[in-house]
Amino acid sequence: MSTGGGKKFFFRRKVCTFCADKGVSLDYKDYALLRRFTTDRGRIIPRRISGCCAKHQRALTNAIKMARAIALLPFQAAED
Amino acid sequence: MLRKYETLFIVRPDLPEEQMANVKERATAAVNSRGGIEVTYQDWGKKRLAYPVKKVSKGNFVYFRYLAGGEAVSELERVLKVHDDVLRFLTVKLDERIDPASFSIEEDCKGIYPFNIRPREPSAERPAEEGDEEGSEGGEGRARRSSRWGGETAAEAPAGGEGSEEEN
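Line by line, the protein sequences give chains A and B.
Reminder that position 49 of the first sequence reads as 92 in my numbering, one-by-one numbering, no gaps.
Reminder that position 67 of the second sequence reads as 266 in my numbering, one-by-one numbering, no gaps.
These are calculated hints, taken from the structure and not from any lab test.
One or more hints might be untrue.
[Unchecked claim] Below, computed lysine-lysine pairings styled on PhoX-like, alpha-carbon distance capped at 20 Å:
1. Lys292(B) to Lys257(B)
2. Lys292(B) to Lys108(A)
3. Lys309(B) to Lys65(A)
4. Lys280(B) to Lys309(B)
5. Lys280(B) to Lys292(B)
6. Lys309(B) to Lys203(B)
7. Lys246(B) to Lys108(A)
8. Lys254(B) to Lys280(B)
9. Lys257(B) to Lys246(B)
Using the sequences and the hints, build the whole thing.
So, in C-alpha cells, the structure goes:
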C-alpha cells in the first residue's frame, strides 16, 4: 500500500505460507487460521493472491469447506 | 486393527448438565457397542456459529475421538442424527490401521487443543503472553489468538492482493 501509485510491479511474497512454516498444519478445526485465507465476505482467497502452492491451497480449500460444514466458517458472510 | 476417527459435533448451547451427560453417554455407548475404544471426549465450550443452524446461533462444541471400525461410525452418526440436542456433526477419519495393543491414549491426546489453539513455536512474534492460555477452552484465549492472526492478515494478504491486481 505504501508502495502505491503508478508502479506496475512490486514485490510479492512467492513462498507458500505452509511450505515456509512447517510447524503450521492445516486443520478444519483451526478456524482462526483458515479465516486468514478467506475474504471478509467468506470467500476463499485464490492462489494467485494468497501465494500458496498447489498442494497446500488444495488442502486449505478442503479444510475451509469442512469448517463451513460444521459452522466454524461462514458460507457467506453478512453484507454490512 | 482399528481406525482412528474424530467427530466434532455441535450441541444446543443452553443445555443443563444432565442433558450434556446424556449426549455423552449416548455417543460413547454407540461407539463402545460396536467394539470401539474411546480416546477422548472433550467439551470445547460455547462458540458463536458462523451461521445459524436449526435457528440456533450459538453452539456448544464437543470433540470426540475414538478407535473403531466403520460400523461404529454409522451407529454414532445415526445416534447423533436422531438426537434432538445435537445440531450438527462432522466425522473425519484420522488414521487407518491402528493397533489398539500398541496405542497409547495419553500420547495421542497430547496434540489436541480446542480449535487448535495451542502454544505454537515460541518465535519472535509471540513472546510471553503464551503462558496464560492453559490449553483449555477459554473465550479470552481464543479471541486473543484470532486477533493475532487478524493482524498478520492485514500485513500479508492484502499486500499480495493489490500486487496481483495491478499486474492483471
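Now for the hints, and whether the structure bears them out:
Taking the CA atoms of Lys292(B) and Lys257(B), the gap is near 26 Å; set against the 20 Å cutoff, the hint is violated. Taking the CA atoms of Lys292(B) and Lys108(A), the gap is near 16 Å; set against the 20 Å cutoff, the hint holds. At roughly 19 Å between alpha-carbon atoms, Lys309(B) and Lys65(A) fall within 20 Å of each other, so this suggested pair holds. A C-alpha spacing of about 29 Å is found between Lys280(B) and Lys309(B), which places the hinted pair above 20 Å, so the restraint is violated.
Distance restraint check for Lys280(B) and Lys292(B): the Cα-Cα separation of roughly 19 Å lies within the 20 Å cut-off, and the hinted pair is therefore satisfied. Only pairs whose Cα atoms come within 20 Å are accepted, and Lys309(B) paired with Lys203(B) is accepted, the gap being roughly 15 Å. Distance check on the hinted pair: Lys246(B) and Lys108(A) sit about 19 Å apart at the alpha-carbon level, within 20 Å; holds. For a cut-off of 20 Å, the pair hint linking Lys254(B) to Lys280(B) stands: about 16 Å separates their Cα positions.
The straight-line distance between the Cα atoms of Lys257(B) and Lys246(B) is roughly 6 Å, inside the 20 Å bound, and the hint therefore holds.
Checked against the numbered hints listed earlier, the structure breaks hints 1, 4; every other hint is satisfied.
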